[in-house]
Amino acid sequence: MTSETHGAASGDAGPARAPGGLPAWADYGLLPLLNLTAALAVSALVILAIGENPLAVLSVMVGEALGYPEAVGYTLYYATGYIFTGLAVAVAFHAGLFNIGGEGQAYLGGLGAGLVALAVPGWPWWAAALAGTAAAGLFGAAWAWVPGWLQARRGSHIVITTIMFNFLAASLMTWLLVDVLIKPGQQSPESREFDPGVWLPTMDRALGWVGITVAPSPLNLSFLWALTCCGLVYLFLWHTRWGYALRVVGRNERAAVYAGMSPARVIVLAMALSGALAGFSGVNDILGVQHRLLLNVTNGVGFVGIAVALMGRNHPVGIVLAALLFGILAQGGGQVSFDFPRLNRELVMVIQGLVILFAGALEHLFRPRVAALFRRRAMAAVAGGGL
Amino acid sequence: MTAMGRIRAVMMLALGTVAMAASPGPAVSADFVPAVVYDMGGKFDKSFNEAAYRGAERFAHDTGIAYRDFGVTNETQREQGLRTLARRGATVVVAMGFAQAAPLEKVAREFPDTKFCLIDEKLDLPNVRSLTFKEHEGSFLVGILAAMASRTGTVGFVGGMDIPLIRNFLAGYEQGVRHTRPDGAVIVNMAGTTPTAWRDPARGAELAVSQFGRGADVVFAAAGATGLGVLQAAADAGKLGIGVDSNQNHLHPGKVLTSMIKRVDVAVYDCFAAARAGTWTAGHQALGLKEDGVGYAIDEHNRALISPAMEKAVEEARAGIIAGTLTVQPYQP
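First to last, the protein sequences are chains A and B.
For the first sequence, the working numbering assigns the number 193 to the initial residue and increments by one for each residue that follows.
For the second sequence, the working numbering assigns the number 6 to the initial residue and increments by one for each residue that follows.
Calculated from the structure, these hints are not laboratory results.
There's no promise every hint is true.
[To be verified] For each label pair, taking beta carbons as the anchor points, the in silico distance ranges come out as:
| # | chain 1 | residue 1 | chain 2 | residue 2 | range |
| --- | --- | --- | --- | --- | --- |
| 1 | A | 359 | B | 114 | 33 to 39 Å |
| 2 | B | 207 | A | 557 | 29 to 35 Å |
| 3 | A | 326 | B | 67 | 55 to 61 Å |
[Said to hold, decoys possible] Counterexamples of contact, computed for chain B against chain A with all Cβ distances above 10 Å:
| # | residue |
| --- | --- |
| 4 | 36 |
| 5 | 66 |
| 6 | 81 |
| 7 | 129 |
| 8 | 206 |
| 9 | 219 |
| 10 | 222 |
| 11 | 278 |
| 12 | 285 |
| 13 | 297 |
| 14 | 317 |
| 15 | 334 |
Keep in mind that this is a model prediction, so the values were computed, not measured.
For each residue, glycine too, the CB sits at the ideal point set by N, CA and C.
Same shape as in the complex, but just chain B:
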């Protein structure tokens, strides 16, 4: 009976009645429903999407407000997921990933009263806050650390797919390496050309091992779950890995040099919190080192790997970038 009632309710909602969806979870606030639409990688990718998940979870934990989420599995579902959440009464929806820009443009126009936060791409609409990250700045810093930690002068980079976003990571990383060691070499590999490239740890490990064979002794993985294989291979081979997006230092303590952190979790949390507090604004924010949107991670797991000289160099570069005396060129598509 309850099932039937539930289905009928679902149908009525879906038929276009703007009403509050019965949100699952602990406490339900009737007038504020935050939501997240994860991209293809899925919310447990240990990286980009999972950072959003952590931000949403922290918000739910801090405020007791349940949130809704949806993980897309194909191109069409992006628009469908955004629209369904908006129609079911979501107040503020975070759209993860540049690929959601085009679908969001349509849906945001259809639901002018719903607030949207788009991560990783710009969209100029009155109810959309766009948040992009200066990945090149954070990557520059880990590039410095990689170059200083390397004995051979050759470092590696494993990307997911060869797309502009990943090239931006690479651009910063290369500049960081050259900034420290003008003669330093960067070996670059991309894991593939299909979305599998983001979730193929075996392929990541294989690429890392081949880079070690060519002389690399530090490798930066910007490849979603594929990067887990890269870090594993580095730990197994006694080399150093560099994590991405989330702090991945704890995965192999003492074997992960650092992680290039992209504070997607903070962006998601702030988006929800601002919408709740009524201070939410539309517009574009580019989050770099200055805004603390990107950075590198030092914790108890990698403390011993970062010498005082390294820390000094990287902090100098950080200060220089923030002050504007040191510029890092982003990748220009």
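Chain A with its partners taken away, still in its complex shape:
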């Protein structure tokens, strides 16, 4: 059974396609592009209303995100976290679960990575990175496992429980950092700095080993792990029996039961995997950049992951592209205020919000029209052939 179904299923990446649907390139390329253009057009109106030139702002934004090596490093650093949380949301989504708890899972993942780094001074960085990544995955998975279990066995809705677990994570971290892990004698609720030997090497340092010089930036080796995870998630979802079961449960739980699968087990597995992926983003921030445990380090990465997964159509390739886009917005948008003092950080949030609105909530705004266009062309082609 497996080889046939896998073959048939592997081409089908996204959620159910609309009847009379679009060719893949239009679905994955044209529509996101249309949505993005619409979002930017509306943003341009807002910028115009503030009294700046939208084109100038946009080009500064892109230039500050991609225009020079350090900026690219920052953009990819932001994208790293978004890839992890985007994948996390996507894996859960394929099982029919809406994991809004990426924020808390990433927070806990950072805690896991940080505890390892605090506990193993003197280890070589690669050993600490392996242990830290494993701990981040475990902590994240455990934090998502509970809502998964509650959903599978008790029917508690995953959306509610994962949101609540975000607050639990925040409370736990605040308590730990204010009362337990804080370095004595300072105001700031932060742990002591990790031993420099266990820091995850930044990309400029790692490339320096092989003789390539790039500008220093927070981009670190966890970026490579993020890309690896994309490959692993792809293989898992579309080329393993478990991934197949996960997607079947997501599509039709009753069909899954009929086929002898246990939805409860699949749900718990999907949530644990999802949590582990979100937890890895803690490696990027804690081991790779901050080198200490601190509050609010996730800063919305879990929520951006939802938008990334939506925009990336829950496919690893799409997620990488969407994560890059949000990385550009985070980096370029943050820098815009240096050149346009009248544009503050809230404007960046407006642009991000519009992208999310058009790519996510209004995903079907252009779809029917584009689909109709394609149908008409197809019919015209048929009619033309008939004549």
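With chain A held as given, fit chain B onto it using these hints.
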């Protein structure tokens, strides 16, 4: 065309060329560029960051020198913002908030010729001036006023996040209350555990109302913009609020007992002015009542609420703390 030129200029600057950035604003002094990096709350939080904004604005107004600023939105941007400003030729940069200590430590080493002023945390580097405030001393004084204004003997405290800084406000406030009324009770609530806790006025109002329900009739808000909700709730319920950081007495005239002022604006202004005059020095300054770094506000909006007895008591305590005969214990993390 100008846009393209501007972008090219920006890129060249960012590529590491140390050159003067084309500062926006009224007058540009080519050799002196002050800058501020606000923390998460944003420059219009009516409180801590806004005090820095006021100080910078006053400096710009007095000298005609434009300043640059940047508001961070995530942890990584602190370092990024400090570095970008330093690289673009800022002469003196104010870093707001204890959370900037770690990023500043890195950036200050990279730019030994740039002067930095760090607010709310200590950092021992030759080009960093650290300014901390003895919040507990100012809070002690408003604690005295709260205890004397209270009819029930129960007063409230609404903090933002439960972090050492806020506990320091609380520590002083509690000691002030007990100093005046040994049997006085302080009801304490924190608004949350995420940064939202600093900008959630609805939550602040909710907490204040619940404290009123438990008998409190004066409430001290040390919670950034969340505190605005606390003051509003107090005014609506006919109770008294106490503002923080900036003078917030005017928000609800006659309903705000006083404000615990933290002179961040003065610190920022002095930092800029000293750097300009060439008298800037590195090192740590702890600003308390003695240095006029903290205090309580009396103006036309709350004059009627402060009786002569209250003023006498609070001035006595103030003198005692300055003279060293009365000690207020800070919170020890």
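Quick check: which numbered hints come out false for this structure? 6
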